[in-house]
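Colleague: Protein chains in written order, with the numbering used here: chain S, 1 to 363; chain U, 364 to 1433.
By construction, these hints were calculated from the structure, which means they are not laboratory data.
Any given hint could turn out to be false.
The calculated lysine-lysine pairs, modelled on DSS-like cross-linking and capped at a C-alpha distance of 27 Å, are [to be verified]:
| no. | chain 1 | residue 1 | chain 2 | residue 2 |
| --- | --- | --- | --- | --- |
| 1 | S | Lys269 | U | Lys892 |
| 2 | U | Lys1423 | U | Lys372 |
| 3 | S | Lys309 | S | Lys356 |
| 4 | U | Lys439 | U | Lys1423 |
| 5 | U | Lys984 | S | Lys119 |
| 6 | U | Lys844 | S | Lys119 |
| 7 | U | Lys1308 | U | Lys1351 |
| 8 | U | Lys1230 | U | Lys1173 |
| 9 | U | Lys473 | U | Lys443 |
| 10 | U | Lys1090 | U | Lys728 |
| 11 | S | Lys119 | U | Lys846 |
| 12 | S | Lys119 | U | Lys892 |
| 13 | U | Lys1172 | U | Lys1230 |
| 14 | U | Lys651 | U | Lys814 |
| 15 | U | Lys984 | U | Lys1018 |
So, partial list: chain S residues that the calculated Cβ filter (under 7 Å) puts toward chain U [claimed, not checked]:
| no. | residue |
| --- | --- |
| 16 | Glu82 |
| 17 | Met115 |
| 18 | Thr117 |
| 19 | Ile118 |
| 20 | Asn276 |
| 21 | Ala315 |
Quick caveat, the model's predicted, so the values are computed rather than measured.
Here a beta-carbon is modelled for each residue, glycine too, at the ideal position from N, C-alpha and C.
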Amino acid sequence: MIGVLGLEDGTRVEGVGFGAPSVVSGELVFVTVMSGYEEALTDPSYKGQLLMFTYPLMGNYGVSGDNFQSDRIGPTAMVCREVWDRPLHHRSTRTISNFLEDEGVPGVSGLDTRMLTIKIRSQGAMRATLAVGETADVSAEDVVGLARDQPEISTLDLISAVSCRQPYRIPGEGPKVVMIDLGIKRSILDSMACLGFDIVVVPSQTSPSQIEGYEPDALFISNGPGDPQQAAGAIEAVKHFAGEKPVYGICLGLQVICLALGAETYKLKFGHHGGNQPVKDLASGVVRITSQNHNFALRPQSAEGTGIKITQVNANDGTVEGIRNDYLGMEAVQYHPEASPGPLCTKERFFASVAKEIEGRRR
Amino acid sequence: MPKRSDIKKVLLIGSGPIQIGQAAEFDFSGSQACKSLREEGVEVVLVNSNPATIMTDPEMAERIYIEPLVPEVVAKIIEKERPDGIIAGIGGQTGLNITSELAEGGVLEKFNVEVLGTSVDAIRETEDRDLFKSAMIRIGEPVPRSRAVETMEEAEEALAELGLPLIIRPAYTLGGSGGGAAETEEEYYRIVDMGMKRSRIHQVLVEESLVGWTELEYEVMRDGNDTCITICNMENMDPMGIHTGESIVVTPIQTLSDQEVQTLRTAAINIIRALKIEGGCNIQFAAKDGDYRVIEVNPRVSRSSALASKATGYPIARVTAKIAIGMTLDEIGNDVTGETPASFEPAVDYVVMKIPRWPFDKFVKADKTLTTAMKSTGEVMAIGRSYEEALMKAVRSLEIDMDLGYAGKYEPWTDEEVRSLLSTPTDERLFAIYQALRRGISVEEIADLTKIHPYFIWRIENVIAMEDEVRDRFSVPILRKAKRMGFSDDRIARILGKERAEIADLRIENGIVPTYKMVDTCAAEFAAKTPYYYSSYEDECELAPTDEKKVLIIGSGPIRIGQGIEFDYSTVHAVMALRELGIEAHIANNNPETVSTDYDTSDKLFFEPLTLEDVMNIIEKERHFGVMVQFGGQTAMNLAIPLEREIARRGLDTKILGTSPEKIDVAEDRERFNLALQKMGIPQPEAGYATSPQEAKAEARRIGYPVLVRPSYVLGGRAMEIVYDEKELEVYMREAVRVSPQHPILIDDFLQNAVEIDVDAVCDGRDVLIGAIMEHIEEAGIHSGDSACIIPPQTIPAAVQETVREYVKKIALALEVKGILNIQMAYKDGIVYVLEANPRSSRTIPFVSKTVGIPLAKIAASVMAGKTLAELGYTREPKIPYVSVKEVLLPFEKLPGADTLLGPEMRSTGEVMGIDRVPGLAFFKAELSADNPLPTEGVVFISVKDEDKGAIAEVARRLTESDLSIIATEGTAEFLARMGVAVERVEKIYAGSPNVLDYMKRGEVSLIINTPTTKQSVRDGFQIRRNAVDYHVPYITTVQAARAAAQAIEIAKSGEITIKPLNEYHQEVR
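Kindly produce the complete structure, drawing on both the sequences and the hints.
Modeller: Here it is as structure tokens:
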């Protein structure tokens, strides 16, 4: 099989196809983690995107399922330099190629991914089309044309595709939260369950009155794909509960909270996708390395007058990484404290402090 | 937190001479630290005994001391300089040990010197095995079950408690020296005994064996504000049980899942926090199926941190120095991107491979088994976009005349012999895996025998599959595929039975040329500013050649015996000279430890193997004005003629700068050189040439024994020997070198008891600048690289020195030298003989430059770039009113079994310099620096061959006058007694007790003077010297050195050692 990748800027490259033969389109983004392809590939936040790994060797330790972040592959396709199909690891059950094949997702390897990364770095995330199949079937495919015909990612409702269909509960002895699922990663739920949170996970369109029915101590907005403007239901819910219940958010959740409070978000040139993003805590000055996956961010100037206090910033580019609104009892982080993949520096700190805060308010 | 305003002056301790376990990485770290501190306005005082370092260059620090690295001397420097702080973690184990001793001795407190960065307590907590273990237990990190042992009784208890097999590691030693793995009780007690003797605190750690676990490393960094980051992780291809410095290492980790990688990362950060380390630190783990153990923590920059810096582009030492003066990671910039701070974790988009370089080609008798102690002298690093590419580039970089597919000597081996090479780790194991796969031995069996993860073996299997594809179905697309996997043209040509040039041409015709990618710390997420490149066969080349005049300087590759840090020093100086002249300077090199491969040393850095193909590829892209081959040792020199030919063949304009390759050949080709000397009327030792054993015997008889024999095709003294009679010649031709018309041997008259002379000079084609005349302390016949030498000459009459100068000038002009020249001569009975001339930078260039205060390599590079000596203002030979001695460091302690005898083959790994107003003190300092301290009291054991007895009586008398007592065996004792020297007689070793070994074991001998008879010296001599090394007793093997020692002891007893910065010495140069 071959894989032909076309970008909206006219770039067309050919590599080796793997996974499920098909023609798919979306936005091409790159992620810089060197391990953790299993977690990244099952992250629902990559919905609508072709995920390119900058580290060249993929598949070395196979796929175990232990670290899946959802029940399916998040991104539309996988783009990489090399796939290793002889994994030997005590937890591995299949190869990465088998995994993509099983899940019906196409992949392409053998590409100069650094060249493509530099294109994205200088021109921004680009619409792209990947055609994977036998040479005769796909070599004539107009992948560049197809890429250009794609709608912009901001206009797509990706959330409803990855949010849960029905509410479900993860019972616990601790604080009770309603988690609005915009495409939640399993590690967030695991991290919270470990601390005893009593969690009700609800679909993205759940109404405030339905949420009230669960009598939560706090509301939690999850991560998810695409533009936060598309999360209308969650924005409404935040507005509804503002001042009534504490509200917390991770990643897209932060952006949703900010929009609900009247601030603005904007699209970054190519986003933050990796496990090495430095986040500085403005109070202590300590920098922690975080895992991130987002294309949108809070416009800091727009936070003025909304009661949003910026508590953490990215040490690389100064973008907002953490906010609080003490008056309304809100807190959110732009990065992924649950990591998976990536460093665990912020995991315990974030979830434990949320638990403590809710407990404190309950008393 | 901004930098501290109370720290105005800082003392940096260097790491001393290059030795096994401590190579150029500390010059790299130290130089970076100097620059980093001075950027912040801090005054730097530096002390190091190693002149062949960039860190001891006048531009690097306010005051530089080349003095012995012992606590007493450093204390004097502190007293004089009164620094506000001292940084312990830059000068390797040497720096840590001295800082600890100064703190323990109260010196730091007395002079109010603060230990900056990592504290002495933190150091102690990582180095003391018991403290370390309890710290780990306190924070819940798993460590191997173990016990610290200080007596043989405790050793017995530990054995009973833990059971065999066991690992023994001495506390406070370099590179795990003196440690090892024990499988039997006998081995166990022997290693424990040795380990305790080597340890500064007489302590070893006995621990459960994790043989077969995967060994992993993390480079971690912490600032005073508690921000912690990991710079990179590494996986050793070789499993636990082999020192990481001896392992093939790949970055990043290959076989662990993210969950495991993050678990170890979290552990690493917990550890650096718990130990309160400030700056860089290396943490080693063992892992197996999700379980792990913490193995050790090095609270300092290290060889691994140098590798991590080069592998990621993150300057660990630079950042460590800034943290030491109070800055935090987010205040320190990332020079590579120029826009992001140092508080991030590098992401790589390539694979990095490190392979150690071992000295076993020089030590045939040494035990080649790789263990927990280091034996390698250096290492290479290669970068590729695939594992196979990185691996094959690394093998090419080793310069061992082998590639992965090397069959040569393995061909006749039986499968069983190959299997034994698999199960016993040696330098050859990588090649043995290839052989085993070729013979159809299964991956499972290889993995079982080697305990290496099958992943790494499958990668080699991929290479084999590609070879078969090339052989069976060669086409342009296959060629492209093979190049993309990392095959050299040369290898492809050999598989196909074609010429390298044919493949190169086919490749270039079809546009299969390398692309150069940047090492940027961030996997292309940000635009990088530092020009650090590696080749790969991808779509996009990131190189942007300028229109400036530019020159490529070829580096010297891995540190090995005969080619050490001196050549890196010269390479860096050549760069400096070019940049000062406004010429764009590029470096090609593959040694991750060095200053030359630091990202801000040159205008462009190419991290590449130094083969004809790899260098030509760079030239084809950049179209340099010129190439310099004179600075990178034999590695670069060997490329002179091939490069000139290939440049002409490819029709490029690039020139080989400096002395022409044609004249280089005159100097290097024995016959042509002899003819040239004859024409000039310069004497040379009688020489001959033989293509058969019969011819060799006839020639040797004609010349007269003893003769110096060596193969004509090997340079650098390899397989060179002195033979005293026909019987020895026969043995040499039978065991060492086979003589044939293809491989003739050279036979030279050996000038017994001659004084050897070395001269370094620069010539611009008209004028000749003599840097210095060096007189060797050992007689001719000992490789010049192993001989101590002295500036100015002490026993050579002025008229003879004039002759030396005259010959140097004659030869320089006759060889039309443009650049640098080293000439070796011997002086005997009023005649000066020229032994060899090397139109390239020599090992002694830094020693001479530091002694006389003139940067010879820099001047040479300027001359090669077109300047004249007159223009540069250097035409007169400098005269110094002080004395400087170079002494060498020998690696025998690290190489069990190796004979410690010096000969015409070079054995030393590094050098030190002792400088003072009189010869005795300079020699005393040099010996002290070379870890061969001359005693001022105690017992001297003397055993010399008959010819030396007369001379040694005088030495013995002077020693007794200095209140040392003498012991000797029968012959020597009788002779000395007859000469009126008070001497006590001891038994020969085989004759019973008490013999000298008993004295040594009891620690009762302070110095050994043992001159060996011939090559096949009696076993006694070997045992004495070997034991001297093992029990750490200073020893001397030549009469000349003994004489110098006697004088040094005399003077040292009468006067205290004084210290003086190098710049003050240089002001006295006339």
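Colleague: Confirm or reject each hint.
Modeller: Here is how each hint holds up against the structure:
| no. | hint | verdict |
| --- | --- | --- |
| 1 | Lys269(S) x Lys892(U) | holds (20 Å) |
| 2 | Lys1423(U) x Lys372(U) | holds (18 Å) |
| 3 | Lys309(S) x Lys356(S) | holds (20 Å) |
| 4 | Lys439(U) x Lys1423(U) | holds (10 Å) |
| 5 | Lys984(U) x Lys119(S) | holds (22 Å) |
| 6 | Lys844(U) x Lys119(S) | holds (25 Å) |
| 7 | Lys1308(U) x Lys1351(U) | holds (14 Å) |
| 8 | Lys1230(U) x Lys1173(U) | holds (21 Å) |
| 9 | Lys473(U) x Lys443(U) | holds (13 Å) |
| 10 | Lys1090(U) x Lys728(U) | holds (21 Å) |
| 11 | Lys119(S) x Lys846(U) | holds (25 Å) |
| 12 | Lys119(S) x Lys892(U) | holds (17 Å) |
| 13 | Lys1172(U) x Lys1230(U) | holds (19 Å) |
| 14 | Lys651(U) x Lys814(U) | holds (12 Å) |
| 15 | Lys984(U) x Lys1018(U) | holds (15 Å) |
| 16 | Glu82 | holds (6 Å) |
| 17 | Met115 | holds (4 Å) |
| 18 | Thr117 | holds (4 Å) |
| 19 | Ile118 | holds (5 Å) |
| 20 | Asn276 | holds (4 Å) |
| 21 | Ala315 | holds (5 Å) |
Hint violations for this structure: none, all hints satisfied.
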